[in-house]
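Novice: Two chains, two frames, some hints: make the complex.
Protein chains in written order, with full-length UniProt numbering: chain A, 1 to 466; chain B, 1 to 402.
It is possible that part of the hints are untrue.
[Claimed, not checked] No farther apart than 25 Å at their CA atoms in a straight line, the calculated lysine to any residue pairs in the SDA-like style are these:
no. : chain 1 : residue 1 : chain 2 : residue 2
1   : B       : K251      : B       : D313
2   : B       : K251      : B       : D229
3   : A       : K185      : B       : D283
4   : A       : K121      : A       : R285
5   : A       : K272      : B       : D250
6   : A       : K165      : A       : F448
7   : B       : K254      : A       : D398
8   : B       : K254      : A       : E453
9   : A       : K27       : A       : A45
10  : A       : K325      : B       : N319
11  : B       : K87       : B       : D313
12  : A       : K272      : B       : Y226
13  : A       : K179      : B       : T275
14  : B       : K14       : B       : G375
15  : A       : K66       : A       : L10
16  : A       : K121      : A       : L268
17  : B       : K90       : B       : I282
18  : A       : K235      : B       : Y226
19  : A       : K272      : B       : S253
20  : A       : K325      : B       : D263
21  : B       : K207      : B       : G102
22  : B       : K127      : B       : T110
23  : B       : K84       : B       : D63
24  : B       : K266      : A       : E458
25  : A       : K114      : B       : K255
26  : B       : K266      : B       : D283
27  : B       : K266      : A       : N181
28  : B       : K255      : A       : D398
29  : A       : K66       : A       : N181
30  : A       : K325      : B       : N223
31  : B       : K266      : A       : E256
32  : B       : K341      : A       : D400
33  : B       : K280      : A       : E174
34  : B       : K373      : A       : D177
35  : B       : K255      : A       : F448
36  : A       : K325      : B       : I282
[Claimed, not checked] Stretch by stretch, here's where chain B covers chain A in the computed footprint (C-beta under 8 Å, at least three residues):
no. : stretch
37  : 203 to 210
38  : 260 to 273
39  : 398 to 407
The set of hints was computed from the structure by calculation and includes no laboratory data.
We treat Cβ as the ideally placed atom computed from N, Cα and C, and that holds for glycine.
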Amino acid sequence: MQQLDNQEILMKLKSSKQFWDIKKKIKQGFSDQQKIGVNDIQKFAQSCEIEDQLIKLISHILKKSKKRETLKEDQIEFLNTSKIKWTELLFKNLDIVHQKTKNQEEDDTNTDSKLYIYDEKNLLAFLQTFKQQQSNNLYQNVQFQSNKILNINIPLKSSQSILDKYQYLLLQEELSDEKINKIRKQIENEHLDIELEKIAQTFVPNGERCLLYLKYFEFDHQDTVLQQHFVKLQKECLNQLFYDELLEIDGHEISEDTFYFVFQEQILTCLKCFIRDRTIKENIRIQLQSGIKKEHAEFQLPITGFFPFKNISKYVAPLCYLSTKIHIIYALFKEFFCRYFCFLHAISSESNSILSLCMQIEEIVSTRSPKLFHHLKVIGCDTLKLIIHQLVYCFIGDMDPPHILTIYDQIIGHDSLEILVILCVGFLNKYKSKLLLAKNQENVQQIFSELREDRFQELVQYAYKQ
Amino acid sequence: MYNKKLKWKSDFEKSVIIENFLNRGWIKSQEKEDDSTDWNVYWATVWNVRNIFNPKNGFRLNDQQIINHFPNHYELTRKDYMVKNLKRFKREQDKETYEQQGWNFDFLPTTYIFPGEYSLFVEEFHKCPNQTWIVKPAARSQGQGIFLLRKIQQLKKISGTTVTSNMTQLNLVSKENYVVSKYIDNPLLIGGKKFDLRMYVLVTNYKPLKVWIYNKGFGRFCNEQYTTDVAEIENMFVHLTNVAIQQYSDKYSKKHGGKYSIDALKFYVESAYGTEAFQKMIDDIHNIILTSLKSVQAVIQNDKHCFEMYGYDILLDNNLKPWLIEINASPSLTTTTPVDKNLKLNLINDVYNIVLPNDDFSDNQQKQQQINKIGGFSVLYDESLDLMNRKTQKRQSVKIWK
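So that you can see chain B by itself, here it is in the shape it has in the complex (with noise of 0.2 Å):
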C-alpha cells in the first residue's frame, strides 16, 4: 500500500508523528534548516506555517507537498478570534434560516475581549454578582495563566496596577489580549469530579467545507473533587482540567493520566441519563463543531496543500449541555500512556490515509467523496454534496458513537 518514498519534515519530535511516517517507509528530508523546502509531507508548527505561506518569502508549494495547518489557522484557534468571528457570524445569519438548517449559537458562554471589551464586561459583572468568571489569555495554552475571578481588584493580576469597578478602560501589562467568560460553574460531574472532553477534528478543505470526526477521544479529569466553595477558587486542581497541571497534583496516576476514554464517557451517559439525552448531547455536539467551522469558512486563506487537525475542548454541564471551551491547532500529541499513544499513533495513521491515501498525491477529492469513514474517521459534513446528501450524512454521523 505504502510505495512511495516521499520525503518528511516534522517540527515536533513526538513519536506518534514519526512512528507513521517511518512505518509508512517515508524518509526523512535531510535538509536540517529550518527553511528547509525539500519535503513532501511536513507536519509543521504554527510559526512555520506562517512563515512559508508569508508573500515576502517568496515560496509556493508544489504539487507534491502537503502541510498540516492552514495559512491562517488562528481565526479559529486564537480564543479572541475565535469568539470575535463566532459573533459575527451569529450577526450574519438570518435568524430564521440558521435555525431551520439546524445551526444554534447556544454553546460560548458569555464572552467578552480585554482589552476591548473591558468596559462591557464590567456592566455585566455588576448585573451578576454572585458569577464566577474566567480569565484566559487569548493565544495561550496548557493552562497557562488562567485564573477564577470573582472581584474586580483581581484583574490586577494582568493589568499590573489596581483595578477598581469605575474604571472603564483596562491597560494590560503585556500586549496579549485575554478572554474573560462566565464560568460554567455546573459542569457534569463524574465521581465528583469536573473533566472536559477532547475530541479531534480534521478538515481537509474550507471551501467547500469537507469536515471528518474521530470516535476517539478522551475526557480529561481533575484529581480532586468538584465543589464551588470560595475557599477554593484558586486550587487549579479543582477547576482546570489541563494535564499540564493535573499531572502535578498528588493524586495524578501515571496509569490512566486522567483520561477517561469517550467510549466509556458515551456508555456512561446513554446508560444513566437514557438513550435520547445521549442522542441530544452527541447532536449538540457536532453542532459545535459544524457551527464553529463554518463561522471561519468566509475568512480561512484555503489552500489545497493544506488540512488541519484540531483538538475540540468541550465542556458538559449537569444538564448534558456541551459548552465550547476552545479549538486547538496543535493539540498535544505527546502520550502518558500505552491507551493514549495507541489513540494518537492510529489518529495520525488515519489522518494521512485519508490526505494521502496510498501516497497518491493526485486530485482525491473525487475519489473520497463516496467514502464516508477512514479509520476511526467519519465525515461530518461535506459541503460539495447536495442538501439531501448531507442530510442523510448528518443522522448516519450519530451513528460514529455506537
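Extracted from the complex, chain A is given alone in its bound form (with noise of 0.2 Å):
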C-alpha cells in the first residue's frame, strides 16, 4: 500500500478544480479580517460545510493513492472453483488450436478458421452451465426465475438503480461552441480523478479525450516513460510465440472493417506487447484464469497470466483515434482492458463482471419487455445469445468509432461497465418490431445482417421505451 505523505496530498489537493474552489470560499469568507487564526478558519469552514468537502476531497486522494490488488478469490466459492473449470476447458481448446495450426502448416488446402482459444459465445455457454445454487441468508433479497439461462444466486445491484443512474443521458443537448470551450478549458486545467469522471459522464470533445484519458488514467506528464516501456516490449517480439500466430489470425477481421483496416498493423503490434507485459498480472484488477501451471505442457499462460482470445483486436481498435503515437495508444487499451474489459472474461460475481451484466439484462428485458423475452424464447433465441456480441465487445464493429468512444467515456465517467447494459436493453428494444415478427433463429439472423447503424444516443432513447 503506498502512503501520501503531507506534501503529496496538498501537491495532488492543488492539482483539483475543487480544491481552489473553497480557498476562495475561506479567503472570501475573510476578506475584511486583518488578523485570522487558524480556530477562526475552522469555525468558518465547518459553519458552511467546506470541512466536510475538504475531507472528502482527502479521503478521495488517499483511497485513490492505495494500490488495488487483483482480484483473485471470489466470494461466492462456486465460482472460485467454476473459474478452474474454465481455465482446465481453456488448456484443451489451447491443445486442439495447436493442433490445428500444425495441420493447417502441413495442408495448405485447410483453412480452418476456428483458430481461437475460446470467443464470447463458448463463454455464455460456460456461464450457463453453472447450477443453481442454495439461497444464502445474505442474499435471499436476490429473486431469480427460471425462464432466465443465467439462474445464478449472487448478489446484484437492482436494474432500476442501473437504470435511475444512466437517466441523465435522456437529457442530454447538443452543446453550444461556448460551454465546449469551457469543457475544454476544464479538461486543461483538472487533474483530479473525480473531476474527470464528471466530465466524461455529460460531455466530452473529440479533440481533448486523449487528454482526458491519460489524465485520469495519470499517464500525462509520463510520455518517455511509456515510450520507454514500450520500446522494451517491442524488442522481446522478436522471440515469436505460438500465441503470436493466433493475434495475427485474429487480426484478419479488423482488417476487413472499414473503420479500423487502416490500423490493422498497428493493433498487432500492441497486442504482440501485450502478451509479454510482466506489468499486467500486478495491475490487472481481476485474475482471470485460475493461473493453474500444467506439468510438461507444452504451452503455459502467457506472462499476463490469462488467455488471448478471439476478437481481443476490437478492444484496440477505437483507441487507434486517439493518438499517432503507438506507445500512447498502446498505454491506454492496457489501462482500460487491466480495469475494465478484463471483467468482461471473468468467472466472477463483481457488478462489473459478465456475469452480472447479463443478469441484469435477462432481468430489464424480461421486466420491461415480456413478450420479446418469451418471444425470443420461443423461437429459440435466447436474449443474451443475441446481445453477448455486442456486450462483451462493446459493440466495437457495431458502432462507429465517435460512439464507441462515448462509451468509454462513460465506462471512465462512472468507473463501471454498466452503460453496457443500458445499450444492451436499447439495442434490443429497437429491433423489437422486427424481432416479434421473426420466426426462427435464421429470420433472426437476417435481421442483423442487414445494413444498419446504432447510435449511442439512440440506443439510450430505446433503453428507456417500454
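Specialist: As C-alpha cells, then:
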C-alpha cells in the first residue's frame, strides 16, 4: 500500500479545481479581517460545510493512492471452482488449436478459421452450465426466475438503480460552442480523477479526449516512461510466441473493417507487446484464469496470466483514433483492459463482471419487455445469445468509432461497465418489432445481417422506452 | 415529388447513374445514336460534350436539356491547364487583395509542364539534388503513365531517347504533355500507409460562381507501408493511391477496397491532432477548392444547361497541410463495396436534387438562393450573395464536417 505524505497530499489537492474553489470561498469569508487564526478558519469551514468537502477530497485522494489488489478469490466459492474448470477447458482448447495450426502447416488446403482459444459464445455457454445454488441468508433478496438462462444466486444491484443512474443521458442536448470551449479548458486545467469523471459523464470534446484519458490514468507527464516501456516490449516481440500466430489470425477481421483496417499493423503490434507485458499481472483488477501450471505442457499461460481470446483486437481498435503515437495507444489499451474489459472475461460475481451484466440485462428485458423475452425463448433465440457479442466487445464493429469512444467515456465517467447494460437493452428494444415477427433463428440472423447503423444516444433512448 | 417523365441518356453503364434515373421515373431516350438529341438529362463523356458544344455541329441545347459538363472543363481538369491557370491567376492577383480575401496559393507543389518548361525544370532539379519528382501525363487518368523520378536519365521513359542533364529541350515520343511536380515525400500516414482524399464538389454556375461541397468522400489508401527508401521508389503499391493500381495488390481487400470514409478521417484528425488543427485543415481544403475554381472562372464557358461534379484529389502532408493533386471531371462512379455504392448513389441523387429540383427546368436560381444544404451537399460559395452573406456562408461551411 502506497502511503502519501502531507506534501504529496497537498500537491494532489492543488491539482484539483475543487480545492481552489474552497480556498477562494475561505478568502472571501475573511476579506475584511486582518488577523485570522486557525480556529477562525476552522469555525468558518464548519459553518459552511467546507470542512466536509475538504475531508471528502482528502479521503478520495488517499483512497485512490492505495494500489488496488488484483481480485483472485471470489466471495462465492462455486465461482472459484468454476474458474478452475474454465481454465482447464481453455487449456484443452489451446491443445486443439495448436493441433489445428500444425495440420494447416502440413496441409495448405485446410483453412479452418476457428483458430482461437475461446469466443464470447463459448464463454456464455460455460456460464450457462452453472447449477442453481442454494440461497444463502446473505442473498435472500435476490430473486431468480427459471425462464432465464443464467440461474445464478449472486448479489445483484437492482436493475432499477442502473436505469436511474443513466437516465440523465436522456436529457443531454447539443452543447453550444461556448460550453464546449469551457469543457476544453476544464480538461486542460483539471487533474483530479473525480472531476475528470464528472466531465466524462457529460460530454468529452473529440479533440480533448486523449488528454482526459491520459490525465485520468495519470499518464499525462509520463510520455518518455511509456515510450521506453513500449520499446522494450517491442524488442521482446522479436522472439516469436505461439500466441503471436493467433493474434495475427485474430487481426483478419479488423483488417476487413472499414473503420479500422488502416490500423491493422498497429493493433497487432500492440497485442504482441501486450501478451509479453509482465506488469499486467500486477495491474489487472481481476484474475481471469486460475493460474494453474500444467505439468509437461507445451504451452503455459502467457505472462499476463490469461489467454488471448477471439476478437481481442477489437478492444485496441477504437483507441487508435486517439493518438499518432503507438506507445500512447498501447498505454491506454492496457489501462482500459486492466481496469474494465478484463471483467468481461472474468468468472466472478463482481458488479462489472460478464455474469452480473448478463443477469442485469435478462432481468430488465424480462420485466420491461416480457413479450420479446418470451418470444425469443420460444423461437430458440435467447436474449443473451442475441446480444452477447455486443456486450463482450462493447459494440465495437456495431457502432462507428465516435459512438464507441462515447461508451468509453461513460465507462470512465462511472468507473463501471454498466452503461453496456443500458445499451444492450436499448439494442434489443430498437429491433423489437422486427424480432417479434421473426419465426426462427434464420429470420433473426437476417435482421442483423442487413446494413444498420446503431448510435449511442439512439440506443439510450430505446433503453428507456417500454 | 418526381412527376415528370423526363428522358435520360447516359454514356456510362453505371448502376448509380441508371438507378437514380429509374428511381425518378425518367424514361430512357430511345435514340441509339451517339449524337441523338432526344433527351432532357444527359450524363455524358467529356468528348461527347465537346461535340455537342462544337459550333460546327450546329446543335443548340433547348431549355429542357441539362448536361453534366461545361464545354471547356479541361481548363480545370487537365493537369497542365490546371497548373497554367493557377499560375496565371496568381500572377493576376494583387497580393494584398487576395490575402485579405483569404485566398492563398500555397497548395500546389512546384510544377513544370513538359516539354515547354523542361529547361526551367532542369535548373530547379539541380538546385535540389535529393528531391524526388513525380511525372504524370497531363491528360490521362487512373495512375496511367505515372512514375517517380530521381535521375534525369529516367526521362528516357517519355522521350524515347537518352536524356542528359545538359540538354536544354526535351522531345517527347507521344504528343501529349507531361506535368512534373515535386513529390510530397512526407505525406500524412495513418497506420504507416499513405493515402489521398477524394472529395466531391458540384459547380452549378461559373458566372456568378456557385459551389457546393459534399459531406461524404473517402481516403484512398495504399496497401503497403510507406517508405522513402530509394529501393521502393518504383513500387506503386507504396506511392500511388489510385484504386485502379491498388486493386492489384495481394493485400487488396474487396470488403473495404482501401477506402476510408472522410467521416472517419475527420474524427481521427480531430481526436489525434486537436480541434484547432482540424479546423485549419478544413479551411485550407476549402481554400484549395475555391481558389482553383476562381482561377478558371474567367476562362470557362459558362452555360445554363451545364453543371459539373468534380472529384478533387487532395494529399495531406504530415503537418496536416493539404496539397492539390488533381481535379477530375469524370470521377469514377464504379462501386467497389456496398458502402461505396451507397455513397455514390446518394451523391448522384443529391446532384439531381440540386440541378433539377422536382424535375423542373424553370429558373431555380432564385428559389435556391436561400437554400444552403440539399442532401449531403452544402453551399461552399455563392458569388451571387453580397460579401457579408458570403463570409457567413464560409463560417458555416466548416459545420459541414460536424
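Novice: Looking back at the numbered hints, which does the structure fail to meet, lowest number first?
Specialist: The structure breaks hints 6, 23 and 29; every other hint is satisfied.
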